[in-house]
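Student: Sequence:
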Amino acid sequence: MTVTDFDTSLPSIRQVQTLIKNTGTVEFKVVTGDLLKGRILWQDPNCVCIVDENSQQIIIWKSAIAYLKAGNRE
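In my numbering, the protein residues as written are 135 to 208.
Among the hints, erroneous ones may be present.
To be verified - No farther apart than 30 Å at their CA atoms in a straight line, the calculated lysine-lysine pairs in the DSBU-like style are these:
1) Lys171 to Lys196
2) Lys155 to Lys196
3) Lys203 to Lys171
4) Lys196 to Lys163
5) Lys163 to Lys203
6) Lys155 to Lys171
No wet-lab data here; the hints were simulated from the structure. In this text the structure is predicted, and so the values were computed from the model without any measurement.
Please put together the full structure from these sequences, using the hints given.
Tutor: In structure tokens, the structure reads:
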């Protein structure tokens, strides 16, 4: 497997894909202590992209994520 391939056997990859399909709000706590809220648009092996309440796209490096919490489905 190359670095650019997803390992879809990993529960975390499958969970994020489910959150993308459900289009609900997700909260990301990042290692800086910031809390980012939005809807996940996509993920790749290194990053996750969310769109916030102002329709601003934010790319988050996966290595910067402390945790994510699913919110309400919109």
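Student: For each hint, tell me whether it holds in the structure or not.
Tutor: The hints, checked one at a time:
For the hint pairing Lys171 with Lys196, the CA-to-CA distance comes to about 15 Å; that is within 30 Å, so the pair holds. Between Lys155 and Lys196, the direct Cα distance comes to roughly 19 Å. Compliance with the 30 Å bound is thereby established for this hinted pair. Of the pairs offered as hints, the one joining Lys203 and Lys171 holds, with about 9 Å between alpha carbons and a cut-off of 30 Å not exceeded. Using a Cα cut-off of 30 Å, the hinted pair Lys196 and Lys163 holds, with the two alpha carbons roughly 11 Å apart.
Between Lys163 and Lys203, the direct Cα distance comes to roughly 8 Å. Compliance with the 30 Å bound is thereby established for this hinted pair. Restraint check for Lys155 and Lys171: satisfied, since their Cα atoms lie roughly 17 Å apart, inside the 30 Å limit.
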